[in-house]
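K.L.:
Spelled out, the chains give:
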Amino acid sequence: MSHRYSAIGWNRFKVLYDVWMGVIAVAFTAAFVVAASLAVPAGEAFHPVQIGLRATGAAAFALLTLVLAIGPAARLVPAVRPLLYNRRHFGVLVCLIALVHAGLVLAWYYGFSPYNPLVALLVSRPPALAVTAVPFELFGLAALAVLLLMAATSHDHWLKVLTPGWWKSLHMAVYAAYGLLVAHVAFGALLVERADLYPRMLLAAAGALAMLHLVAGTRETLRDRQASRPGAWLDAGPALDIPDGAAVIVAPERGERIAVFRDGDRVFALSNVCPHQNGPLGEGRIIDGCVTCPWHGWQYRPADGISPPPFEERVATYPVRIEAGRALVGATPLPIGAVSPGALIAGASA
Amino acid sequence: MTRGRRRRHLVVWLVLTPLMLAAVAAAVTHRPPLPAAAPAGTPR
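Those sequence lines, one after another, are chains S and X. Residue numbers for the first sequence follow our numbering, beginning at 1 and rising by one. Residue numbers for the second sequence follow our numbering, beginning at 1 and rising by one.
Since the hints were made in silico from the structure, they are not lab data. The model shown is predicted, which means the values in this text are computed figures rather than measured ones. Where a beta carbon is used, it is the ideal one built from N, C-alpha and C, also for glycine. Check each hint, because a few of them may be wrong.
Which residues of chain S face chain X? A partial, calculated answer using Cβ under 10 Å [unchecked claim]:
1) Ala30
2) Ala31
3) Thr163
4) Gly188
5) Leu202
6) Gly255
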């Protein structure tokens, strides 16, 4: 979080993240090139460009699988949460590798066509109703278009212009891109490769990713139901059971979840939705006296929900009271910016 | 994440998962067969 404009707010963590990302991408691509070179069947020959285009295609697919696994994995295993931060750099890297793959494909297969290579790709396959004639190239091209759109808008400038809701909706198109890539690989590489290893790897990657999303999604839906409390005041449980500097999450029957934070001997309640990218504030901690979003570190004062100066972001706060040691939260938010002193926990050591 | 987005997210994967499986299954069942093994003693 910075109040001065900089295209990318670099810090040590981001640099390390990007270095590791690059190492993983290079290591995967190199390992693929070596393995593919060693596995060329006797009597067949592969040009280095062919191996290169497969290696970059496989790397883009594997890394996209990894990027898309971070979100649900972080919901299931809190230790993964730090990987959420800077995830968009990972996405941009995937797009760059996919571009190299597409460039190699166009140069190798369509570079000598009398047409523009892109036009040649689009018109080279006659329409036919057969699994073996599915235009898998178009699936890859469509996925690349989505990745390009996402990479181009992977910046806080576009987040602000589009607003978080629309930006998130746009970036959910990455799931469609992933589905298109699975079809691209299935109707492309799988139909020409005879080794069983390829379908097994594709199934393992896509299957594991789908399972992660389904398990995490189902758990979150159940949590919404379990966290829902009827009435005007929601019971957040014993106030002293809330870990100091952290939160428990409750949900009204309708509307968004509420994060109930304990800061020493006081309890505060704020909206669980960070205005930046709708991150779960209740999974963050109080740092330097401010509720800090676990996704990108945006901060809000617990008493009024306003970011410390010079920032001006605001989240809704809720009234809190303690009854018989239990924290009760009003289901209706206070006016934006209203100061709530929080509820004092009798007998708590600050 | 908002409540609506959590719901949409789950719906997307409930739709996407069978589609992906169907694509892989269709491709796997249409792969070219492995070449028949040569009888023992056939010169290579």
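K.L.:
Would you mind marking each hint as holding or not holding in the structure?
P.N.:
The hints, checked one at a time:
Against a cut-off of 10 Å between C-beta atoms, the interface hint on Ala30(S) is violated, since the closest Cβ of chain X lies about 27 Å away. Taking 10 Å as the C-beta contact cut-off toward chain X, the hint placing Ala31(S) at the interface is violated, the least distance being around 23 Å. Interface restraint check for Thr163(S): the shortest CB-CB distance to chain X comes to about 13 Å, outside 10 Å, so the restraint is violated. The beta carbon of Gly188(S) comes within 9 Å of a beta carbon in chain X, closer than 10 Å, and the hint placing it at the interface holds.
Checking Leu202(S) against chain X: minimum C-beta separation of about 6 Å stays under 10 Å; hint holds. Interface hint status for Gly255(S): upheld, as the beta-carbon distance to the closest one in chain X is roughly 8 Å, under 10 Å.
Violated hints, in rising order: 1, 2 and 3; the structure is consistent with all others.
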